[in-house]
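Chains as they are written, first to last, in the numbering used here: chain A, 90 to 395; chain B, 109 to 362; chain C, 11 to 357.
Some clues are possibly wrong.
[Said to hold, decoys possible] Residues from chain C that face chain A, not an exhaustive set, calculated with beta carbons under 7 angstroms:
(1) GLY142
(2) VAL158
(3) PRO334
[Stated by the list, open to error] Residues from chain C that keep clear of chain A, each with C-beta distances beyond 12 angstroms, as calculated:
(4) ALA38
(5) ILE111
(6) VAL133
(7) ALA146
(8) ILE147
(9) GLY151
(10) PHE152
(11) VAL166
(12) TYR170
(13) PRO181
(14) ILE182
(15) ASN257
(16) GLN299
[Unchecked claim] Chain C regions said to be covered by chain B (calculated; three or more residues, Cβ under 8 angstroms):
(17) 204 to 215
(18) 218 to 226
Rather than coming from a laboratory, the hints here were simulated on the basis of the structure.
Yeah, the Cβ is synthetic: ideal placement off N, Cα and C, and Gly gets one too.
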Amino acid sequence: MDQLIQQLINGLSVGATYALIALGYTMVYGILRLINFAHGEVYMVGAVSSYYLAEWTMGWTGSLWVALPIVVVGSMLVCSILGFLIEFLAYRPLRDRPRLVVLISAIGVSLLLQNLAQFPELFGPTPRRFPALIQSTPVFYNAAHTIVLTNLDVLSLGLTLGLMVIMTWVVLGTKTGLALRAVSFRFDTSMLMGINTGRIISFTFMFGSALAAVAGTIDAIRYDVRPLMGLLPGLKAFVAAVLGGIGSIPGAVVGGLFMGLSETLVKGYLPSAYTGYADAVAFVLLIVILLVRPTGLFGRVAPEKV
Amino acid sequence: MSLLEISNLSVVFGGLKALCDFDLTLEQGELVGLIGPNGAGKTTTFNIVTGVYRPTAGDVRLDGRSIVGFKPHQINHRGIARTFQNIRLFAGMSVLDNVLVGFNQSLRHGFAGTVFRTPRHQHEDQRNQDRAVELLSTLGLDDRAMEIAHNLPYGDQRRLEIARALATNPKVLLLDEPAAGMNPQEKIELSGLIEMIRQRFGVGIWLIEHDMKLVMSICQRLTVLDHGQVIAVGTPEQVRADPRVCEAYLGEPT
Amino acid sequence: MSVNALTFRRLPQLPVWVINLALTAILAGLWPLGRVLEHQLNPYFLQILILVGINIMLAVSLNLVNGITGQFSLGHAGFMAVGAYAAGVLLRHYQPQGWEIPLVMLGVLCLGGVLAALAGLVVGIPTLRLQGDYLAIATLGFGEIINVVIINTESVGSFYVGGSAGLHGIPIHANFFWTFGAALICIVCVWRLAYSNKGKAFAAIREDEIAAGAMGVNTTYYKVAAFAIGAFFAGVAGGVSATWFGNLDPESFRFMRSIEIVAMVVLGGSGSITGAILAAVVLTWLPEQLRAVQEWRLVIYALVLILMMIFRPAGLLGNRELWPIPGRRRPGPSPTADPDSRQRMMA
């Protein structure tokens, strides 16, 4: 029983980061019908930038309460700018082209960021541990230490929850959010209604990238920082977004948490000979969803007009 | 037994009755029209008959055999070909290639025959090429055989759609607004063309059209649809005189 | 029938038996040519040449799926892995000697291709119902699944597979002949499929799947066929590379390898076979020549993809070939192609 509770905690904690990345995929897809293939790399850049920021802040302050907000907000800023640039340089010139053209460009951006990060001048190919600014330590545990909630779990779930609240407010409560919903509903018409679609798209990319940066920061602390770290979480988060119904914001969160849970449960309960297959779970899940219910849990159906 | 028999055909899309108890018979060499205001369910009917949608109820029989539940290509193999309201040519391919795709189903050799260029492959490729050129010249498109379909003028694109459909050797030809976007001169030519196809290829033609002058002049019988319901059936004269048809098109008299 | 309509297919064309004979002669001539080249060329240059051959096979076979049939697949490296491992495992197990070598090579390459084609069927039948970017992601997922399976397989029965450590000590029997013989067969097959009446169905599916179905094309059958044929040649290419390099690293068949092949198809011009060949040569040879910027290789691939999409999405050749095809005289750019070039042409 304790083991199950522990697995659920781990699953939710991992799932929260998937959910943060998945939100970026889903928002961009909702507006542009584009799979932003480079999103996983934005997450990686988030991790890299938080690594450097942590190193820098440790040079002049020992206080976690000063340093952590700087690291988190700083990497969010870096990634927002990156997200803006990616959209502006690689996708905006392709606005009226077929979707596959944009997808190929997105793949190119992804490949570019991965390989730029491998230059020793920028980061280098070897994994690095996150600076000793913050380490995973248990904060809540039962007497037997069979159920442990670490500070990272708290951070991960807390930040995800907080950002969800902010995001819901932005989307449902602000004028920008209204415009965003309008654009995702009917791109052309909203342009005619005087919405500056270019600005809304930029905003979406920046917002989604900032969320990915938070996920990158959490995973940088939890695991380590590598130039190729974005590939798998990126794909898994995409699966999460498809699972929840791509384009649906609550769907992305539910999908992300579900992905995290199913993965940790598979790892925890499968015989050890098969745990190597845990990474395949996401893809098997993806293919099953695409075949059984391509619209996901909360997606809308849009049949092709003949 | 008629060539095409449709009985009690109905389809429901998420609670909306897009088509309700539709009946129709079409004989060989006949030209029947399907008219009605926008959104009446005309193209939906075509889509059901050609297997794009599955009907909720009812039956479609070709030569006495039901074709409900078949895939579009199977229905085409049995003898129903169509054109599309919003032109769906193979836009990046040449005019000739568009027609050759229509002949694709007549090929009797497999991929191996294609790869080894067997005599049968050569014979069939050559024969289809000749037939395609002949078909194009029948429809007056032979001068444009090597042009990319996308670059054709609008009227030619509509005619190419008809040529491509005829290439599949149909018994029944469904034309979805063939005159849309044509000027009056082109429309006159088109009605001559349809008449010629009917006589020369011996097909039954079923036609959706908004141009009343065209429909009234060439169709032998008409069905009028409104909100998925058949509101009138008969000869052009009968339909023209039907008060319900006027109402559907012009609104209730006040 | 007007004269005008008939002139187009009077392009000079040799009788088929002459062409078939010539192709067979070229195939046979590759053997002595290979022996000469293997003695004359320095090993480094030969290595690049073999890599070019392998990449031509991969690019041309992927072109059938992505370019000609228009089904965007990101899993080609997965099929390559199937063929490579099939050939590598078998050859390592049996260690043929003397006169058996050519026969066994032919056997393992074909078997690798067939197994890859079977994998292509398994992947294609369910996923080809999907379209566009969803298909891309699903094929990518399958490629990764194939990879996970290989990494977690130490051995199958008495056959040693190697698992995550990779497979080493495969006897090296591939040479110039096997590489370019297979590449030649691949090119001829794809070419003849693409430029025949039967093969028009592939392009029709790319242009408009619904219209193709309405014109009697069994779209599922053709899509799956394209997928399986493409996978077959990817498997053969994998087999060649396994028996040329002598060892296999499962990591080298991941998603990045698939992207490299996609980059070749895109650079050459989706749908153009000569374009794919050209791009395979350029993208293999160029980075090798720029030794100083070796670490920039993948950055170059990335920039090629982005810049091509922005400035010339139709690729180097568009969907044209280097020379005119009978019955296909100088087609203009397709509507999916670069709109700027169309404007230039009309101006």
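Each hint tested on the structure:
1. Taking 7 angstroms as the C-beta cut-off, the interface hint given for GLY142 of chain C holds, the closest approach to chain A being about 6 angstroms.
2. Of the supplied interface hints, the one on VAL158 of chain C holds, with its beta-carbon coming within about 4 angstroms of a beta-carbon of chain A, less than 7 angstroms.
3. Proximity of PRO334 of chain C to chain A is violated relative to the hint, the smallest CB-CB distance being about 26 angstroms (cut-off 7 angstroms).
4. A cut-off of 12 angstroms between C-beta atoms confirms that ALA38 of chain C is not in contact with chain A; the least separation is 40 angstroms.
5. Every C-beta of chain A lies more than 12 angstroms from that of ILE111 of chain C, the closest at about 35 angstroms, which supports listing it as non-interface.
6. Here VAL133 of chain C does not stay apart from chain A, with its beta-carbon only about 9 angstroms from theirs, under the 12 angstroms limit.
7. Its closest Cβ contact with chain A, about 6 angstroms, brings ALA146 of chain C to no more than 12 angstroms, contrary to its assignment away from the interface.
8. Under the 12 angstroms C-beta cut-off, the non-interface status given to ILE147 of chain C relative to chain A is violated; the minimum distance is some 7 angstroms.
9. Here GLY151 of chain C does not stay apart from chain A, with its beta-carbon only about 4 angstroms from theirs, under the 12 angstroms limit.
10. Consistency note on PHE152 of chain C: stated as away from chain A, yet its beta-carbon is not over 12 angstroms from all of that chain's, at 7 angstroms minimum.
11. Here VAL166 of chain C stays apart from chain A, with its beta-carbon at least about 15 angstroms from theirs, past the 12 angstroms limit.
12. Here TYR170 of chain C stays apart from chain A, with its beta-carbon at least about 18 angstroms from theirs, past the 12 angstroms limit.
13. Interface exclusion of PRO181 of chain C from chain A stands, the closest Cβ pair being 29 angstroms apart, more than 12 angstroms.
14. ILE182 of chain C, annotated as away from the interface, keeps every beta carbon of chain A farther than 12 angstroms; the closest lies near 29 angstroms.
15. A cut-off of 12 angstroms between C-beta atoms confirms that ASN257 of chain C is not in contact with chain A; the least separation is 21 angstroms.
16. Listed as outside the interface, GLN299 of chain C is consistent with that label: its C-beta sits roughly 19 angstroms from the nearest C-beta of chain A, beyond the 12 angstroms cut-off.
17. Remark: the region 204 to 215 of chain C is confirmed as covered by chain B, as 8 of its residues place a Cβ nearer than 8 angstroms to a Cβ of that chain, reaching the required three.
18. Residues of the region 218 to 226 of chain C with a Cβ under 8 angstroms from some Cβ of chain B number 8, which satisfies the need for three, so the listed coverage holds.
In the structure shown, a violation is registered for the earlier hints numbered 3, 6, 7, 8, 9, 10, in ascending order.
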